[in-house]
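Peer 1: One letter stands for each residue in the lines below.
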Amino acid sequence: MSDSTVNTNGDYVNFYQYKGKHSGILGWLLSVDHKRIGLLYLGSMVLFFLVGMTLGFFMRLEMWNPGQDVMGPQTYNALFTLHGIIMIFLVIIPGIPAGFGNFFLPIQIGAEDVSFPRLNLLSWYLYTIGGLLAVASLFLSGGPIDTGWTFYAPYSLRTGTEVIMPLMAAFILGFSSILTGVNFVTTVHRLRAPGMTFFKMPLFIWALYSTAWIQIIGTPIIGITILLVIVERLFGVGLFDPAMGGDPILFQHLFWIYSHPAVYIMILPAMGVVSEIIPTFSRKTIFGYGAIAVSSIAIAFVGTLVWGHHMFTSGMSDESRWVYSFLTFIVALPSGVKIFNWVATMYKGSIKAETPFLYVMAFIFLFSIGGLTGLVLGSLATDVHLHDTYFVVAHFHYVMFGGTIFIFFAALHYWFPKMFGKMYNTKIANIALAIMVVGFNMLYFTFFILGYLGMPRRYYDYLPEFQGMHQFATVGSWVLIAGILLMFTNLFLGLKNGKKAGNNPWGGMTLEWTVPSPPPLLNFKKIPTVKYGPYEYEHYDEVTKNVN
Amino acid sequence: MSTNSTTNATHEEEHGHEHVHDLRDDYGSKLGMWLFLFTELILFGGLFLLYMSYRFQYFPEFQLSAKSLKIWMGGLNTIILLTSSLTMVLSITALQRRKIKASIYWLITTIVFASGFLVVKFFEWSDKFSHGIFPGGEELALKSQGEKVFYGLYFTMTGLHGLHVIIGMIILGFILVFIVKGKVSPDRFALIENGGLYWHLVDLIWIFLFPLFYLLH
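These protein sequence lines map, in sequence, to chains A and B. Each residue of the first sequence is one higher than the one before, starting from 0 at the first, in numbering that gives the first Met the number 0. Each residue of the second sequence is one higher than the one before, starting from 0 at the first, in numbering that gives the first Met the number 0.
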C-alpha cells in the first residue's frame, strides 16, 4: 500500500510538496484538498479585508472637517455600502468557518478530508465569483450601489445606481455559504475518527457545527429576499413597493430573519477559536466543556428568534417589541456562560501569555464592551434614542471587529506554525496588537459618545461641535491601520524567512497538534483512535507522545 | 467511519490522481442532499410567509383574483407532476432490481412529464399575458393593489417553481447520461436516489402552490 506521507526516498512529504495531477497554480485552483482550499479562502479574505479597510480609511478622512473634504455625498454613500458588503459578506461571514474551518475541521475530528471535497472547491469558486462581481459593480455605468449593506426597500427598488449586480454577488455568496454549511454538517456526522463522540469534539468543531446549521437554516431566506428585489427591479412586480400594494416592512422582516442569525454565523466560530486558545495557554482542561458546547447550540437556536430588535423603530406592535426585546436579552445568557467559563478556565492555570493568548485577552475586553452596549440597544426605551446613531456603529464594530476580526487575527497567529511550519516574530506581533487596541478604542469608543450625543450614522457631514471627536476618531483609524499593516507585514516576513516552528510549539492537545507541520496530504498516517476529551491535560504525554 | 474502512486501501492509491472524492459514503451523500432540500424548502418558505401576510391584508382581492385562474389547467399539471414522481420511483426501483433498460425508459418518461408540465404552464401564462395581466401589464395596472400583489406572488412563486422544474430536468438528464455510461448502476445508485429526492421536492412544492392559488377562493 502506498503511503502519501513519504516519498520514494522515505522523506516526509507535506501537502505543499505533494505532487498531484496538476502542478503550479493549477495545483491550487483545481485542488480538492481541504487544506489548500482553506488557504485559498484565507488569501482571498485577507485581500478583501485590505480593500474594505481602505474604503473605511477614506470614509474617516472625509469626516475630518464638516462639509465636503475629499468626496461628495454620493461617493460617501457608495463607500459605506461597499465597506459593509465587502466586510460582512466577503470577510466576516465566511472568515473563520471557510478559512480556518476548512483547514482544521477535518484534522481536528481525525478525518482525511471533508465529506464533499469537490463541492468544497465549488464553494470557493462561487465565493470568488461573488467577490469579483461585488467589486466589478463599482465600475458599471449607473455608479456604485448606495443603499447601505441592508438594501432596504423601497429605496433599493428606486435608486438609479447599480443594484442588481451587487445583489447577484450577495446571492452567489449565500449559495457558497449554504454549500459549506451542508458540507460541514455532513462531515461532522459522518467522518469523526473512531472514539470521537460528539462530546469529545474540540469546541471549535462545536462552534463550526452550530454555525453550519444557522447557514443552512438562515441563508435561503436572504437568498429569496435578494431574488425578490432583483425581480422587482427587472419586472416591476411590486411585492415590496408601497405604490403597488407591497409592504416594505416585510422586506425588513425577511432581511433580518437571515441577517440577525448571520451575526451568530460571524461570532460563533470566533468563540470556538477562543475555546481552543484559552485551554492551550492555560494548560488546563476547559471549565464547563458541556456548557460551552451546548451554549453554541443555544445561541444558534435563540438567535433565530430575535430579528425584530432591528426594527423597534420601523413600525411594529408593542407586544412584538417587548417579546423581541425579551428574547434578545435571553441571548446574553449563553454568551455570558461562555465568557465566564473562559475566565474560570484561566483560574489556577499555568498561563503562558504568548501572542495568540494576548489577542484573546484583547477580544474578551473589546467583546464585553460590545456585548454590554448590545443590551443598551436591546432595551426598547434606550434604543429609540440611540437608533441609527454612531452608537450602533460603535456597538457593531466592537462585536464584529473587536470580536470576530480580532479572533481571526488570533487564529492566524495560533495556527500559523501549523499551517506553514514556520514561526513569526512574536515580539513584533505583540507590539502590533498593542497598537491596534489603542487605535481601535480611539476610533470606536469615540463613536459611542458621538452617537449618544446624537450624531446620526451614514452622514458625510456633521455639526461643527462634533469636529474634535471626529478628528480624534480619524487619528485613531490611522493608528489602527498602522497596527494592522505591521501585523500583516510581520506575518508575511515570518512566512518568508521565519524559523522552523516544530510540530507543537504551543503545547496543544487537539488532533492537529499531533500531526507534522505542515500536515501531510491525508493529514494522518493512520486515522487515530480518540480516547480522551480534547483538553484533558492530565493525559497530555500520552496523547502527544508521537509528536516530535 | 464504518463504510470507509473497506475503501481505505483503494482510496490512498487513487489519491495520486487527486480522487479524494472517491471516498464513497452513500449515507453521507444522502444526508447532504436532505440538508440541501431543507434549504430549498426555506427558500420557498420566505415566499409562503409573504403569501400568508398579504392574504391577511388583502383577503377579498385574493379571493377575487383566484377565480380568474383556470383550475383545470392547474389540476392537469398537478396530475402530471404526481405521475412523474411515480415514474421517478419506478425508475429508481428498476435500477436497483438491475433492470437498466426499464430504468432508462421510466426516467425518460419522467422528463417527458416534466416538459408536459412546462408546456401547460406556458399556455397558462400566455393566456394571462394576452389579457394584459403580467407585471407592468396595462390591464393589471388598472386593478386594485391587492390584485397586483396576488398576481405578483402568482408569477413569482410559480415562476420560481418552474425554474426548479427546469433545473430538475437538467439533473435528471445528467443522471440519464450517467446510467447509459454505467456511472450510475445497480451497485452505485446514490446519485439517482438523490436526483429522485430533488424531483419529489419540486413535486411537493407544487402540491402547496396549487391549492393556495387555484383552490382557495
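It should be emphasised that the hints constitute simulated quantities derived from the structure, not laboratory data. Careful, some of the hints might be misleading.
Which chain A residues face chain B? A few, computed with CB under 7 Å, are given here [unchecked claim]:
1. Val184
2. Phe198
3. Ile215
4. Leu233
5. Gly244
6. Ile248
7. Leu253
8. Lys525
9. Pro527
10. Val529
Using N, Cα and C, we set each Cβ at its ideal position, and we do this for glycine too.
Peer 1: Each of the hints needs a verdict: does it hold here or not?
Peer 2: Hints, verified against the model:
Interface hint status for valine 184 of chain A: upheld, as the beta-carbon distance to the closest one in chain B is roughly 6 Å, under 7 Å. Among the interface hints, the one on phenylalanine 198 of chain A is violated; its C-beta lies about 17 Å from the nearest C-beta in chain B, farther than the 7 Å criterion. Because the beta carbon of isoleucine 215 of chain A sits about 6 Å from the nearest beta carbon in chain B, less than 7 Å, this interface hint is met. Proximity of leucine 233 of chain A to chain B is violated relative to the hint, the smallest CB-CB distance being about 9 Å (cut-off 7 Å).
Restraint check, glycine 244 of chain A versus chain B: the minimum CB separation of about 3 Å is within 7 Å; hint holds. For the restraint placing isoleucine 248 of chain A at the interface with chain B, the shortest Cβ-Cβ distance is roughly 10 Å, beyond the 7 Å limit, so the hint is violated. For leucine 253 of chain A, the interface hint holds, the least distance from its beta-carbon to any beta-carbon of chain B being 6 Å, beneath 7 Å. Look at lysine 525 of chain A: its Cβ only gets to about 10 Å from chain B, farther than 7 Å, so that hint breaks.
Taken as an interface hint, proline 527 of chain A does not check out: its beta carbon lies about 11 Å from the nearest beta carbon of chain B, beyond 7 Å. For valine 529 of chain A, the interface hint is violated, since its Cβ never comes within 7 Å of a Cβ in chain B; the closest pair sits about 11 Å apart.
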